[in-house]
Amino acid sequence: MRRVASAVLVLWGAVTVTFLALHLIPGSIVDAIIGQSRVTPEIRAQIIQDYSLDKPLWQQYLGYLGRLLHGDLGHSYNQGVAVSTALEQQAGSTFALLLGGVAFALVGSVVVAVATANRPRWIRGPAATAEVVSVAVPSFWLGILLLTVFSFRLHWFPAIGANGFNGLVLPSIALGLAPAAMLSQVLRQGLERVLEEPFIITARARGLRSAAVLLRHALRHAVLPVVTLTGWLVGAFVSGAVVIESVFSRQGLGHLTVGAISQRDFPLVAAIVLISALVYVVVNLAVDALYPLLDPRLRKAPEVVR
Amino acid sequence: MTALVDVANLDVRFGAVHAVRGISFRIEAGQSVAIVGESGSGKSVTARSLIGLAGRGSTVRADRLDIDGTDARRLPEGRWRRLRGRRVGFVLQDALVSLDPARTVGAEIGEALRTHGTVPRAEVDAKVLDLFRDVGVPQPELRAGQYPHQLSGGLRQRALIASAIAADPALLIADEPTTALDVTVQAQILQLLAHRRAAGTALLLISHDLAVVSTVADYVLVMKDGVFVEQGPTRQVLEDPSHPYTRQLLAAVPVAHARGTRLSPAVGGPVAQPRPETGPEIVLEAKNLIKAYGVITAVDDVSLQLRSGETLGIVGESGSGKTTTARLLLDLETADSGTVDVDGTIWSEIDAKSQRLLRRRIQVVYQDPLSSFDPRYPVHRIVAEPLAVAGVPRAERRARVVALLDQVGLSAQVLDRRPAQLSGGQRQRVAIARALAPEPRVIVCDEPVSALDVSIQAQVLDLLADLQAELGISYVFISHHLGVVYHVSDRVLVMKDGKVVESGDVEQIFHDPRHEYTKSLLAAVPTLKSTEVIR
Amino acid sequence: MRSRPGVVLSFVFLFVLALAAIWPHLFSATDPNAADIQSTLSPPSGQHWFGTDQNGRDIYARVVTGVRLSLLIGVTASALALIAGSAIGVLAAQGGRVLNTVVNRLLDIFLSIPGLLLVLLVIAVLGPGVRNSIIGLALVTTPGYARVVRGEVIRIRGAAYLEAAKALGWSRPQIVLRHLVPNALGPVLVLATIGIGAAISIGSSLSFLGLGPQAPTAEWGAMLSSSRDYFTVAWWPAIFPGLAITATVLAITVAGQFLQLRVEGRSQA
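In order, the protein sequence lines correspond to chains R, U and C. Residue numbers for the first sequence follow my numbering, beginning at 6 and rising by one. Residue numbers for the second sequence follow my numbering, beginning at 2 and rising by one. Residue numbers for the third sequence follow my numbering, beginning at -8 and rising by one.
Chain C is faced by these chain R residues, among others (derived, beta-carbon under 8 Å):
(1) Thr23
(2) Val140
(3) Phe145
(4) Thr153
(5) Phe157
(6) Gly240
(7) Ser267
A partial selection of chain C residues facing chain R, derived with a Cβ cut-off under 10 Å:
(8) Gly188
(9) Ser192
(10) Leu200
(11) Gly212
(12) Ser218
What the hints contain is simulated information worked out from the structure, not anything from laboratory work. Every residue gets a Cβ at the ideal spot worked out from N, C-alpha and C, and that includes glycine.
Use the sequences and the hints to build the structure in full.
If you want it as C-alpha cells, here you go:
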C-alpha cells in the first residue's frame, strides 16, 4: 500500500515538473498556440478564455490537476483534438515498438548469457566484446545502418514509415540491442557467480543434470539483478523510442512529443510525461513484487523458527 | 569384495598450481576414514575429485580411480551423475549456502530422490518426511515447507545431510560438516554421522580439526601440501604420531597438558610459557551493563573486572552476547545502563575529546582483520594510523612501525604490501601491531584466532602470550572455542543469552563447573580420544 | 594492463582524441565548413578520406572538428552531474530520515520521466544549443549519481574499518575525510568516466533530433541526421560520424571498466 502511495506521489511530481517547465518558458503561451496564423483580437481573446490562460498560474495548475483526477487529460493546444484522442491515435504504434524492443532485449540477453556463461574463452570472449561494442553504438546510427543494409540493399524489410510486424523488426532491434547487451553482461556475470556457489556444487553432487542445475537453481538467482536493471531501463527504452521513431519515420508518441514540446502544447506534453511515468512506476512496482517471489529470503517472513 | 573407493597416485592440478600430488587410499564398505589437513592442503579437492567435481580448470590424473567398482578416469558426465547422490553422497561445510536459498528444504531433498528415481514419484513426499525423521529433525511436515534461512544451523545441517543420504548412497563424504556450528550442535551432528556409520554407510570426513574426526573416524590420513604425510588407525596416529607435521598439529591443539606451555613446535619438547604476575591494579571494570535491541536483550546485567597483566576469557555460543559486550567495553556502542571504567575513567562521564584520548588505553583485535583495514591502505599506513592519531610526526612513524612489526614477528618486507596479499596469520599480526601502537593497557580480542588454521592459531596465541609477558598488557579474550579460552585465560566468564551464567578462576570453571550450561558446553567438546582435553 | 590490448588501444585512442580536441589542425588542415559545389557527395578518396557531404564539405575535417564539441559536452555534463549528484547523495545518506525520504522521492520523480523527455523539456525552456544541451544532460544524469553516492556512503558507513578507525580515536569528521570519502570516491569516479560516454551518446542523439548545436556546426549527430536524406545514394556520410561516436564511447567505456577493475581489485589482490 505504501508503495502505491509513493507511486501516485511520483506521478503527481512528474506532472508538476512538466507544468512548471512549460510555464517557465519565456513568451506567452497563446502566441505558441496561435503560431503562424493571423487571428483577430476577438479570436485571440476567445482562445485565452477557452484555455483559462488569463487565470493566475496556481489556478491553472489546480484546475489541471482537478480535471486530471476526473480522468480528463484536457485539450491539445495545437492538434485541435482532445489529448486522449491524439494519444489513442499514436500510442499503439509506440507500444508495439516498445514491446518489440523489450522482447528483443530480454530474449536476446537470456539466450546469449545462458549460452556463453562459464564457457571456454573462445566462446565467452567474442560475446563479451560484442556486448561492450553494442552498448557503445548509438541507437539512431544502428537504425540507419540497419535501414541501409536490410532495406535499401537487401530489401528484406520495408524501408521507412512502414507499420505492421515486418516494419517493426528493424526498429525493435535498433531499440533493443544496447539494453540487450547490458542485460546479457549482468546476467552472465550473475550466472557465473552463482555457479560457483556451494549450493550449486551440492546440487551437482546430488547427480543433477547441468541443464537442470542451470535452469532450476542458478537462473533464478542470476536473474535478480537483471530484473532490477530492467526496471531502471524503462526510461531508456522510452527515450530510445523517441529517437527510433524519428530514424524510421514512424508514427507514434515520440514523434508527437518532439512536436508538442517545441510548440509548448502543455496538455499534450503533460499527458505523455504522465504515461511514461506511469509505465515506469508500474514496471518498478512489478519489479518490487517480483523480488520476494524470486528470493524467499526477501519475503517478510514470520521470525526465524527455531 | 571391492572397495568403495580405490585411488592410486591421484594427481590434481589447477593450471600451474599442483593441488594434489600423487596420493593413494582405499575406503572399504562401512569404513570411516578422515582426511585431516590445514587450508590449502588439498583435502577438499581430493574429496571433490571422487565425485568428478574437482572444480573449474582442474586436471585430474590417476593410475587408478575406482569409485564403487567403476573406473572413473575419463568418465563421461552422464555416468558420473549415476554415481553422484546415488552411490556417493556429499555434504558441504555451511548448510546456509549449501542448500539453495530459494527453495524449500523439502524440495531439495525431494530433488535427490526424483533425480535417481529410487522411490516412485508418488511416494517422494512421504519419503522426504521419513528422511527428516532419520536425521532427527522434529516436526518434519513443518520443516519440509521451510527455507534454509528459516532453520537453525543444526537443523539446516541435518536437512543437508538428509538430502545427501536420500538416495541411500554407500559412501557419504562430509567436507567440514561441523565447522560453522556451535559446540553443542557440533556434538549432535557428529552423533548423527556416527549413527549413519552404524547403519552401514561408509564415511569420508574432511576436516582441519583432529579432535572432531577422532570421535567418528577409525582411519586417519594427514594431508599437507597435496600429499599424505602420515596415515594409520586413528588411535595410532593420535597416540604415536610418527611424522613431525602430525606432532606439530597435535601439539598446536590447546589441550589440558599444554596449558602454561608454548603451542608452537619447539626443539626438545614443550617449553614453558612465561606469564606475568597479575597486578593488583584494576584496568578495566564494567558494572551492570545492559543493552537491548528492540525486544532482544543482547547484554543483560554483565559485570566484570580485569587486572593488569591478566587475561579474562569470555566464552559462549553464537548469540550469547559476547561481541556486544566487547563493543560496550570499547564504547563503540552505548549501554542502556551500567558503566565501563577504563584505567580509572568512565566512558560516559567524559566529553568526546577525552573519550578519543581514552581510546588509546583500550584497543581491539577482530576475528576478520581484513575488513577492519581500510582497503586502500598498505601495511605501513595501517600500523602507522594510531601514531597519526596520537600526532606522532610523520618522520618518526616509519621507524616505530618497523619496530612494531618486528615485535609481532613480521619483517619490514611486508611494509608496502596490501593486506589482501598477506596470509591470514600475517594479517592478524598486522592487526595486533596496530593495536599495540598506542601502547594500550587493555586489548579486547574478539575471536582473534577463529578463522585461522590450528598451527597458525598456535603461533598467534603464543605471540599474544609473549606480548603479555613482555608488556604486561591485559586481555579480554572472546572465543567460542573452549580449548583456546582455557589455554589463554586466568579467569573466565561463561555467557548465555546475554547473561553471565558462571564466572571464576579458569581451573575451577573447567574442572568443577557449577552451572548446568557450562557442564553441557564442556561435555559437547570433541576430545582427542587418547589425550584428555580439558577435563 | 598486461595482455589487455583493448585497454591499451582505448587509452591511446583517448589520448589522440584529446589531442584532436585541443589542436584539430594537427589532424586536418581543411576547413570543415568550406563548401565545394563541384564535388558534392563524392566518395572517399585520397583527397577526401571520408568523402564529402551534400554541400561538398570534407567529412574527415568535420569529424575531426566534432571531437572537441563531443568531448566538451560529455565531460562537462558528467562533471556537473557528478558534483551535483555527490552533494545530493551525501546529503541524503548523512542527513537523517526525513531528508533521506524527501531526496529519494524527488529522485524517483526525476527518474520516472524518461531522460530524453526531460532534456527536451529543458531545451524547450532554455532553447537549443550547446550550453543548454549540457545543462539538460547534467540534469538527467544527476539522479543516477546521487543514488550511487548515497548507496556507497551507506555501504561504507557499515564497514568494519570505519569502526576500527573510531576505536583508534579519530573524531567523526576525521573518519569521514580519511576513510569514508576516499573509499566512496573510487566507484563514483569510475561511474563518471563511463558516464562521459553515455552523455556523448545522448548528446549526439539530441543533435540528431535537431535540438543540439545549430547548423553549420560540425557535430556528429547532426551530420548523421542530414545524411539520412542521401543514404540511398551515398553511404559514407552515414558511416564515419557514427563510427566516431561508437569508437569514442567504446574507448571511454573500456577505459572506465579497466579503472573499475583496479578500484575493486585493490581490496582483493
